[in-house]
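**Student:** Residues per chain are reported as follows:
Number of protein chains: 2
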Amino acid sequence: MTNNNGPLEHLICLLSGLPGLGNRSARRIALHLLSKRGALMMPLANALSDTAQNVKSCNICGNLDMIDPCAICTSHKRNNTQICVVAGVSDVWAIERTGAYQGKYYVLGGLLSALDGIGPEDLRINKLIEIIESSEAIEEIILALSATVDGQSTAHYISDHLAPLSVKVSHLAHGVPVGGELDYLDDGTIITALRSRS
Amino acid sequence: MTNNNGPLEHLICLLSGLPGLGNRSARRIALHLLSKRGALMMPLANALSDTAQNVKSCNICGNLDMIDPCAICTSHKRNNTQICVVAGVSDVWAIERTGAYQGKYYVLGGLLSALDGIGPEDLRINKLIEIIESSEAIEEIILALSATVDGQSTAHYISDHLAPLSVKVSHLAHGVPVGGELDYLDDGTIITALRSRS
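Quick mapping for you: the protein sequence lines, in order, are chains A and B. Numbered per this note's numbering, the first sequence spans residues 457 to 654. Numbered per this note's numbering, the second sequence spans residues 457 to 654.
With the rest of the complex left out, here is chain A (with noise of 0.2 angstroms):
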């Protein structure tokens, strides 16, 4: 990397920004893409600056689709008397992978946090109040955040936001995951289990 190769040095250092990645696996990578240029290298080009340009952020629940409001959001056949609220899109995508929810949803984009100093109006909280007050077609709204610091103090300044709402609010439950050994289960997940048992 002594020679002056600009484009491919730039593409290196552009990689190994990626979350996941690094110098090494970026170098990797570049290398792979330049032995299938005309198979993978320009069809990531293209499906880049394509996504870039046609994927959209829905202007309602924050869900990324290529047409806004999202296919979710315009669709008559969910249930639009529940709101899922999730911290991004790629829990959007979880849920929908089961199969098992039929509502509509709404993206946060992020979760509460005093470390990184991210407060309620940095993330769409507002606009949630907004939509529950002007529709009356909404009954739940199901919390369907981590079970992580920032995701549990998010979920209370949620709750406590919707309380004066005529809604009712739900979290996930916890308990052991399904195929979870116990022995390896820690003890907070293991004493809600057991409190919350059915």
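It is worth saying that the hints were derived from the structure and are not from the lab. Mixed in with the good hints there might be a few duds.
In silico PhoX-like links for lysine-lysine, alpha-carbon gap of 20 angstroms or less [as the list claims (entries may be wrong)]:
(1) K583(B) with K512(B)
(2) K583(A) with K512(A)
(3) K492(A) with K624(B)
(4) K583(A) with K624(A)
(5) K583(B) with K533(B)
(6) K492(B) with K512(A)
Model the placement of chain B on the given structure of chain A, informed by the hints.
**Tutor:** Just chain B now, kept in the frame of chain A:
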């Protein structure tokens, strides 16, 4: 991902095929890119097509560069009595990073591998012999190949074919890696390091 956001699914599919990445890491990278469209996603798309169009293999040594022959092959500062034979371009980068070698390179483009069905005709071995035969300056061929079965059989094959020519053939030294603890080394390395003690 059940929505019809075609380009995003296509992008994730392409990313998940890259070495070291799977479905989950590809989704994570795609979302990270979408959150930085202007600052990262479009520059990455441009860097990919720029690199695909402008970086070429050197016709002499097989190294990657903007110019052909590459900067190392055309440099007058490099010692043209030595050729360092390596398996891939990443090996050239690894040796160049040390700054300890001032000769020229020759990239084979792989290693002989009976398991993967890679024979001598798949590597650039004949061209190496042609280069050595046609140049009177070359005095030493340094085989800098991996200390694996494939690397060592490739080194043996090349040594055999270079034997009739009037060049010295050398190999990288085997031994204890600098900073390596004896306790963690395999027996083969310790035996070789003992035999080659100095």
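**Student:** Now tell me, hint by hint, if it's right for this structure.
**Tutor:** Do the hints match the structure? See the list:
1. Taking the CA atoms of K583(B) and K512(B), the gap is near 18 angstroms; set against the 20 angstroms cutoff, the hint holds.
2. At most 20 angstroms may separate the alpha-carbon atoms for a hinted pair to count; K583(A) and K512(A) meet this at roughly 18 angstroms.
3. Taking the CA atoms of K492(A) and K624(B), the gap is about 36 angstroms. The hint is violated against a cut of 20 angstroms.
4. Note on K583(A) and K624(A): the hinted pairing holds, with a Cα-Cα distance of about 18 angstroms set against a maximum of 20 angstroms.
5. For the suggested pair K583(B) and K533(B), the alpha carbons sit about 24 angstroms apart, so the restraint of at most 20 angstroms is broken.
6. At most 20 angstroms may separate the alpha-carbon atoms for a hinted pair to count; K492(B) and K512(A) meet this at roughly 12 angstroms.
In this structure, the hints that do not hold are numbers 3, 5, in rising order.
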